[in-house]
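K.L.:
Sequence:
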Amino acid sequence: MTERFFNRQDEQKRLRRAMNARGGALAVIYGRRRCGKSTLLQRVISAQDVYYLADQKEPSLQIRDLAAEADRVVPHFSSAGYATWDSLLLNLNTRLDRPISLCIDEFPYLAQQSPALPSILQKYIDGPGAKNLNLILCGSSQRMMHGLVLERTAPLYGRALEILKIEPLKAGWIRDGLGLKGDKAVEAYSVWGGVPRYWELALPFDGLEEGIRELVLDRNGVLHEEPMGLLLDDMRSAVQPYSLLSVIGQGCHRLSEIAACLGKPATSLLRPLVQLVDLGYVRRETPFGENTKSTRRTLYKIADPFLLFHFRFIQPNKSQLEVGSVPAVAKAVRKQLPLHVSAVWEELARASVPFSGIGGYEWGPASRWWGTGTDGGPMEVDVVAESLDG
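Start counting the sequence shown at 199; every next residue gets the next number (the numbering used here).
Hints should not be assumed to be uniformly reliable.
What the hints assert, rightly or not - With a straight-line Cα cutoff of 35 Å, these simulated DSBU-like cross-link-like pairs (lysine-lysine) come out:
no. : residue 1 : residue 2
1   : 529       : 382
2   : 382       : 368
3   : 516       : 533
4   : 363       : 379
5   : 379       : 368
6   : 529       : 516
7   : 211       : 255
8   : 529       : 499
9   : 491       : 462
10  : 382       : 211
11  : 516       : 363
12  : 363       : 499
13  : 516       : 462
14  : 499       : 462
Rather than coming from a laboratory, the hints here were simulated on the basis of the structure.
Given the sequences, and given the hints that come with them, work out the whole structure.
P.N.:
Written as structure tokens, this is what we have:
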């Protein structure tokens, strides 16, 4: 199935500008899987460019396969045979009579098998002489792409003209993705989030309930094990992050509560929580107006709607689903889904405040506030924001 394409106009513009800038330009694209990185690349590159989807084969086979892809723009290029990445890049650059883009998708696979490759690319970019190859490096492992390009010690640090992080789309795009409006759009977003490939997978089904049953509840469903795959893209082991998401999804939000549920010292959980925050899977929540660095009232919430749905409904019922009790779990989901939707709706309401123009004013980011009310009892306000007009 061809993946439909939504939005990303700014990303297309930036990529095209980088690739038209000069020979030897580098652009980097990274982000969570299924958010449209590969589709974006296919929109930007032309038939005169070289696109190569890397995998986990031996380097000699990767070199052979990339050379074969280059045959389309340089006839018989692969017939010479290349022993190293260095020789392939040098010969391809020399034999080109015009600038083209070489796009390597899932670049971390190549770097894992050929650790010297980033330094070889740096040598090409920094080296003298005419350059006919522009480079686009793309990857779903956010941790590895960060280490290969964004860390100060990385060989490619500071070389990229564009670094684009492709994130899930805003909720409004689900109207185009699934043809839904109003409360139906919010319900769908509360399950699938802003990941366009999830929308694509859900589209053929007759309603949200059937999509949930076939894609997520069924143990053979395409998205049944999706969270584990997401974590393994970026973690050496998924055990601790999966456990953290499990207890947060079941209602443990304070660090002390999370630590107690896992039987771990709170200090040992700070680093993996920071990693989950950096990946966009968890968010920190503090009462409006409090200093985020000094407050002790931080809560940890699952930030992504699909992951929140999974860890509320799928993970706690894994044993039932494994033995085929899909109807019973589906019934429980149907009963509890409105509460889940309402929580996601509150987040959408807060996110909309800076763009709302309420009362004719401009507003800063909105958040919750909770604490002690004027009567001395507990009090909570769902949406609080400060006017930027003073």
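K.L.:
Now, for every hint given, state plainly whether the structure supports it.
P.N.:
Checked hints:
A distance of roughly 19 Å separates the Cα atoms of residue 529 and residue 382; the hinted pair therefore holds under the 35 Å criterion. Between residue 382 and residue 368 the alpha-carbon distance is near 16 Å, which keeps this suggested pair within the 35 Å criterion. Of the supplied pair hints, the one linking residue 516 and residue 533 holds, its CA atoms being roughly 18 Å apart against a limit of 35 Å. Of the pairs offered as hints, the one joining residue 363 and residue 379 holds, with about 28 Å between alpha carbons and a cut-off of 35 Å not exceeded.
Taken as a hint, the residue 379 and residue 368 pair is honoured in the structure, with Cα atoms around 14 Å apart against an allowance of 35 Å. About 15 Å separates the Cα atoms of residue 529 and residue 516, which keeps this hinted pair within 35 Å; it holds. With a C-alpha separation of about 33 Å, the suggested pair residue 211 and residue 255 falls inside the 35 Å cut-off, and the hint holds. As the CA atoms of residue 529 and residue 499 are separated by approximately 25 Å, the hinted pair is consistent with the 35 Å bound.
With a C-alpha separation of about 23 Å, the suggested pair residue 491 and residue 462 falls inside the 35 Å cut-off, and the hint holds. Of the pairs offered as hints, the one joining residue 382 and residue 211 holds, with about 33 Å between alpha carbons and a cut-off of 35 Å not exceeded. Distance restraint check for residue 516 and residue 363: the Cα-Cα separation of roughly 33 Å lies within the 35 Å cut-off, and the hinted pair is therefore satisfied. Of the supplied pair hints, the one linking residue 363 and residue 499 holds, its CA atoms being roughly 22 Å apart against a limit of 35 Å.
Straight-line distance between C-alpha atoms of residue 516 and residue 462 comes to about 24 Å, which keeps the hinted pair within the 35 Å bound. For a cut-off of 35 Å, the pair hint linking residue 499 to residue 462 stands: about 19 Å separates their Cα positions.
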